[in-house]
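K.L.:
Next come the chains, spelled out residue by residue.
There are 2 protein chains.
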Amino acid sequence: MRKNTFIIKQRAFLKLYMLHEAEKGRLYGLQILENLQNYFKDLGYKPTKSEVYKSLHELLKDGYVTREPIIKEGAEMQTLYIYRIGDREKVKAYKDTVKADLDRSIALLQRALKDNYSQKRG
Amino acid sequence: MRKNTFIIKQRAFLKLYMLHEAEKGRLYGLQILENLQNYFKDLGYKPTKSEVYKSLHELLKDGYVTREPIIKEGAEMQTLYIYRIGDREKVKAYKDTVKADLDRSIALLQRALKDNYSQKRG
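Protein chains in written order, with our numbering: chain A, 13 to 134; chain B, 13 to 134.
Take the hints with a grain of salt, since some may be wrong.
[Said to hold, decoys possible] For lysine-lysine, the following DSS-like pairs were computed, each having C-alpha atoms within a straight-line distance of at most 25 Å: (1) K58(A) <-> K126(B); (2) K107(A) <-> K21(B); (3) K111(B) <-> K36(B); (4) K53(A) <-> K107(B); (5) K61(B) <-> K21(A).
[Said to hold, decoys possible] Far from chain A, by Cβ distances over 10 Å, these chain B residues were calculated: (6) I20; (7) L42; (8) S62; (9) Y65; (10) H69; (11) L72; (12) K73; (13) K84; (14) E88; (15) Q90; (16) Y93; (17) I97; (18) D99.
It is worth saying that the hints were derived from the structure and are not from the lab. Just so we're clear, the structure is a prediction, and the values are computed from it rather than from any experiment. Glycine is no exception: its CB is placed at the ideal position from the N, C-alpha and C atoms.
Only chain A is shown next, with the shape it has when bound in the complex (with noise of 0.2 Å):
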């Protein structure tokens, strides 16, 4: 976590639920971000897919997750690919990182909605 930044970044927003994913053995390149779309899509969230395959490969360059190509059948010959947890203990330590960002995210939203909306502020 980068110092004195806002609050979390979107990109670490994402790994997290596809590291979520890749624990559960169910992430897949082109699956990933039509799942993430629909899954925010109450909130008003659209990642992008530039986000989302950005997000991917950072995962993958830095051994967080692993892939492997699954030769999908059909008339085209199209390669798919699965990822998997890559290194356990560096997924966990990358894990509590965002978490204590994600607490102090929230804490600095809640500040500001009781600052500006409970009219209690001197």
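Fit chain B to the known structure of chain A by using the hints.
P.N.:
Relative to chain A, chain B alone:
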């Protein structure tokens, strides 16, 4: 509020605090940076000079605040500005929008905590 964005923008968060100070009649251009930096120090957030002054400039440009010069006494002539609330109806509408975005942002972050750290999601 733009559609499908992640969480609240730093600029909106800063403007909210500046409007609050302007409403109290104590928003001074030279002091607000230091005040905000001190106020969020405990939560690891140190807004930069650039972000703070851009936010202030946008508030002025959009008519949310107006400014008046104050001549500061001292050895050197220096012009200070005090910023006052401008169009109150517009400010109220803006604050309502920001409140909705704060609520939405907190809900997103809390969902991530629940999904990824409570060991309950499928």
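K.L.:
Next step is simple, just say for each hint if it's right about the structure.
P.N.:
To see whether the hints hold, each was checked on the structure:
1. K58(A) <-> K126(B): holds (19 Å)
2. K107(A) <-> K21(B): holds (24 Å)
3. K111(B) <-> K36(B): holds (19 Å)
4. K53(A) <-> K107(B): holds (24 Å)
5. K61(B) <-> K21(A): Given pair K61(B), K21(A) holds - Cα atoms ~20 Å apart, limit 25 Å.
6. I20: Its Cβ does come within 10 Å of chain A, the nearest being 7 Å, so this is violated.
7. L42: Consistent with the label, L42(B) stays out of reach of chain A, its closest Cβ about 21 Å off (over 10 Å).
8. S62: Label holds. Min Cβ-Cβ 13 Å, cutoff 10 Å.
9. Y65: Answer for Y65(B): holds, closest chain A Cβ roughly 16 Å.
10. H69: holds (18 Å)
11. L72: It holds; L72(B) is separated from chain A by about 19 Å at its closest Cβ, greater than 10 Å.
12. K73: Label holds. Min Cβ-Cβ 21 Å, cutoff 10 Å.
13. K84: Label holds. Min Cβ-Cβ 25 Å, cutoff 10 Å.
14. E88: Label holds. Min Cβ-Cβ 32 Å, cutoff 10 Å.
15. Q90: About 28 Å separates Q90(B) from the closest Cβ of chain A, which puts it past 10 Å; holds.
16. Y93: Y93(B) clear of chain A: closest Cβ-Cβ about 22 Å, beyond 10 Å.
17. I97: holds (14 Å)
18. D99: Label holds. Min Cβ-Cβ 18 Å, cutoff 10 Å.
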